[in-house]
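Could you build all of it, start to finish, from the sequences and the hints given here?
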Amino acid sequence: MFIDLKNKEIQVKIVYYGPGRGGKTTNLEYLNEKFRHRIKTEMVSLKTQGDRTLFFDFLPVGLGEIKGYDVRIQLYTVPGQVKYNATRKLVLKGVDGVVFVADAMQEQRQKNVESLNNLHENLQNYHLNIFDIPLVLQYNKMDLRASGVPVLPVGVLQKDLNSRLRVPAFEASAVTGTNVVQTLKRIISLTMSSVQEKLI
Amino acid sequence: MNYGIVSEHQLEEIERAIQEELIANGVACAMLIDTAGNTIAKCDNGKSSYDTYAFAALAAGNFAAMDSMASLVGEQEFSLLYHKGENESIHFSKVDDELILVSIFGKGVSLGFLRLRAAELIDRIKKVCNLK
Numbered sequence: 001m002f003i004d005l006k007n008k009e010i011q012v013k014i015v016y017y018g019p020g021r022g023g024k025t026t027n028l029e030y031l032n033e034k035f036r037h038r039i040k041t042e043m044v045s046l047k048t049q050g051d052r053t054l055f056f057d058f059l060p061v062g063l064g065e066i067k068g069y070d071v072r073i074q075l076y077t078v079p080g081q082v083k084y085n086a087t088r089k090l091v092l093k094g095v096d097g098v099v100f101v102a103d104a105m106q107e108q109r110q111k112n113v114e115s116l117n118n119l120h121e122n123l124q125n126y127h128l129n130i131f132d133i134p135l136v137l138q139y140n141k142m143d144l145r146a147s148g149v150p151v152l153p154v155g156v157l158q159k160d161l162n163s164r165l166r167v168p169a170f171e172a173s174a175v176t177g178t179n180v181v182q183t184l185k186r187i188i189s190l191t192m193s194s195v196q197e198k199l200i
Numbered sequence: 201m202n203y204g205i206v207s208e209h210q211l212e213e214i215e216r217a218i219q220e221e222l223i224a225n226g227v228a229c230a231m232l233i234d235t236a237g238n239t240i241a242k243c244d245n246g247k248s249s250y251d252t253y254a255f256a257a258l259a260a261g262n263f264a265a266m267d268s269m270a271s272l273v274g275e276q277e278f279s280l281l282y283h284k285g286e287n288e289s290i291h292f293s294k295v296d297d298e299l300i301l302v303s304i305f306g307k308g309v310s311l312g313f314l315r316l317r318a319a320e321l322i323d324r325i326k327k328v329c330n331l332k
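In order, the protein sequences belong to chains A and B. Residue numbers for the first sequence, in the working numbering: 1 to 200. Residue numbers for the second sequence, in the working numbering: 201 to 332.
Hints listed in this document are in silico derivations from the structure and should not be mistaken for laboratory results. Heads up, some of the hints might be wrong.
[Claimed, not checked] Straight-line alpha carbon distances no greater than 25 angstroms define the calculated DMTMM-like cross-link-like pairs of lysine to aspartate or glutamate that follow: (1) A:LYS6 to B:GLU288; (2) A:LYS40 to B:ASP297; (3) A:LYS8 to B:GLU208; (4) A:LYS93 to B:GLU220; (5) A:LYS34 to B:ASP251; (6) A:LYS83 to B:ASP267; (7) A:LYS89 to B:ASP296; (8) A:LYS198 to B:GLU288; (9) B:LYS327 to B:GLU220; (10) A:LYS47 to B:GLU220; (11) A:LYS6 to B:ASP297; (12) A:LYS6 to B:GLU208.
[Stated by the list, open to error] Residues from chain B shown here face chain A by an in silico Cβ test under 10 angstroms; the list is partial: (13) SER207; (14) HIS209; (15) ALA236; (16) ASN238; (17) ALA260; (18) SER268; (19) GLU286.
These figures come from a predicted structure and were not determined experimentally. A virtual CB, placed ideally from N, CA and C, is assigned to each residue, including glycine.
Below, the structure written as structure tokens:
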């Protein structure tokens with residue numbers, strides 16, 4: 001978070017975290033499309049040739065004014081693949097809020113848990129606690145159920161990922177946009193209250 | 201400086217220093233960013249129109265990646281980080297562990313001169329922000 005008292009501007013950093021191929025970039029792409037009129041700049045994507053996120057995606061969203069301050073939310077994603085942990089750590093620097101995008105496909109069950117544990121460890125690097133930081137879970141790819149792909153029931157995802165955290169969770173589909181905006185709204189509201197608390 | 205918040209006075213001083221040390225000496229655009237990718241101060245010559253938010257995010261990422269590479273080869277840091285283009289070049293200088301100064305300049309400014317001005321500017325920023 002950075003607060004500019006002269007130009008009355010607050011910059012807040014929200015990171016989309018989760019296993020590889022889980023839909024983090026797709027979340028940002030949907031938001032970029034949906035809020036085109038509010039986003040003055042192009043989305044930045046650092047991708048490999050195979051179209052996977054190599055370093056991060058970056059999307060700044062103007063939120064309008066809160067108490068006279070212009071709030072700019074900076075959305076980042078991390079590369080999900082296990083081998084890119086060094087870059088994931090770098091992107092988490094200065095994070096104010098996290099959206100954990102879990103892949104609801106049955107075969108990804110273990111990867112979700114591993115990625116959440118990895119988030120926990122990487123936050124500790126910056127002396128942040130996963131139980132304290134504003135966090136929202138998103139169970140992505142729910143639309144696949146309709147096409148017959150085995151998808152984990154929400155109860156199982158909740159038990160695997162949210163039994164101790166007890167944070168807001170959304171069933172979503174980044175491809176169709178279902179609950180993508182709701183996820184963002186919730187993490188913004190959690191992050192802004194946490195920012196306000198820090199200021200008081 | 202209470203990091204994360206900069207007072208109006210500090211920001212005015214920083215912007216004045218950037219203006220005097222860099223912009224007045226031919227640098228097209230200069231930004232003070234933090235290592236999380238936030239833009240703290242930016243000044244330009246009025247002719248450039250860079251997307252400074254995206255620039256800050258990429259510059260912070262680039263700097264962090266270079267820092268990690270330095271430690272991989274057993275160096276504390278790479279003190280000079282400079283990208284040369286045909287018309288525009290970019291120079292990065294570390295102010296302290298949290299702050300980075302990024303300068304974008306054209307062919308009319310020599311790298312040696314820029315480094316000298318940047319060093320001067322960093323001293324001034326440190327004084328304003330009470331950094332060591």
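Of the hints given before, which are not true for this structure? The structure conflicts with hints 1, 2, 4, 8, 10 and 19, although it agrees with all the remaining ones.
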